[in-house]
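Numbering (our numbering), first residue to last: 3 to 118.
Don't read these hints as lab results, they were simulated from the structure.
Treat the numbers as computed from the prediction; the structure is a model and nothing was measured.
Check the hints yourself; a few may be wrong.
Said to hold, decoys possible - In silico SDA-like links for lysine to any residue, alpha-carbon gap of 25 Å or less:
1. LYS8 / GLU69
2. LYS6 / VAL90
3. LYS114 / LYS82
4. LYS8 / LYS82
5. LYS44 / VAL90
6. LYS44 / LEU89
7. LYS6 / GLU69
8. LYS114 / VAL72
9. LYS8 / ARG55
10. LYS114 / HIS91
11. LYS6 / PHE41
12. LYS6 / SER85
13. LYS82 / ASP111
14. LYS82 / LEU7
15. LYS6 / LYS114
16. LYS6 / LYS44
17. LYS114 / SER85
18. LYS82 / VAL57
Claimed, not checked - Restraint ranges, calculated between C-beta atoms of paired labels, are given here:
19. LEU107 / GLY9: 35 to 43 Å
20. SER85 / LEU107: 15 to 23 Å
21. TRP112 / ALA31: 33 to 41 Å
22. ILE80 / LYS8: 16 to 24 Å
23. GLY56 / LEU107: 21 to 29 Å
24. ALA71 / VAL108: 24 to 32 Å
25. PRO113 / ALA71: 17 to 25 Å
26. ASP50 / ASN106: 33 to 41 Å
We put the CB at the ideal spot given by N, CA and C, even for glycine.
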Amino acid sequence: MELKLKGGTAIVTGGASGIGRAVVEGFAAEGVDVALWDFSPKVVEVADEIRQRGVRTLGVRVDITDEGAVRGALEETIAKLGSPRHLVHCAAIGSGKFGFPFTNLVPADWPKTLEV
């Protein structure tokens, strides 16, 4: 699908896997440069992989619940890819540490889950 997005820069939180990665792949297919922000150490590897599609990418390992870290990630993104025109928030945490389903979360886990 041609969305006429070519030439811009996008930030995708949670871009290293799942829905976030699918969004990154969609932007790359449209010719959009992409900054992948993710807490996962594999974010740099995924950014390198996406770069092979002919767009500029940046993998930034960042905790998006840390305002200072987000400011730093934004400064790095602007310095390397330019000002973003698109932002897609796909970062999430869930019941992975407890196993699925999400009903395994205890009440104390919900604030952090919603913070992301």
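Comparing the hints with the structure gives:
1. LYS8 / GLU69: 29 Å, violated
2. LYS6 / VAL90: 17 Å, holds
3. LYS114 / LYS82: 30 Å, violated
4. LYS8 / LYS82: Since the Cα atoms of LYS8 and LYS82 sit roughly 17 Å apart, the hinted pair holds (cutoff 25 Å).
5. LYS44 / VAL90: Given that 25 Å is the threshold and the Cα spacing comes to 19 Å, the pair holds.
6. LYS44 / LEU89: 20 Å, holds
7. LYS6 / GLU69: Measuring from Cα to Cα gives roughly 32 Å; hence the hint is violated.
8. LYS114 / VAL72: 16 Å, holds
9. LYS8 / ARG55: 13 Å, holds
10. LYS114 / HIS91: 16 Å, holds
11. LYS6 / PHE41: 30 Å, violated
12. LYS6 / SER85: Distance ~18 Å between LYS6 and SER85 Cα, so the pair holds.
13. LYS82 / ASP111: 35 Å, violated
14. LYS82 / LEU7: 19 Å, holds
15. LYS6 / LYS114: Violated, at roughly 37 Å.
16. LYS6 / LYS44: 29 Å, violated
17. LYS114 / SER85: 29 Å, violated
18. LYS82 / VAL57: 13 Å, holds
19. LEU107 / GLY9: 35 to 43 Å: 42 Å, holds
20. SER85 / LEU107: 15 to 23 Å: 37 Å, violated
21. TRP112 / ALA31: 33 to 41 Å: 36 Å, holds
22. ILE80 / LYS8: 16 to 24 Å: 19 Å, holds
23. GLY56 / LEU107: 21 to 29 Å: Because 41 Å falls outside the window, the suggested range is violated.
24. ALA71 / VAL108: 24 to 32 Å: 26 Å, holds
25. PRO113 / ALA71: 17 to 25 Å: The hinted range 17 to 25 Å holds for PRO113 and ALA71, with Cβ atoms some 18 Å apart.
26. ASP50 / ASN106: 33 to 41 Å: 34 Å, holds
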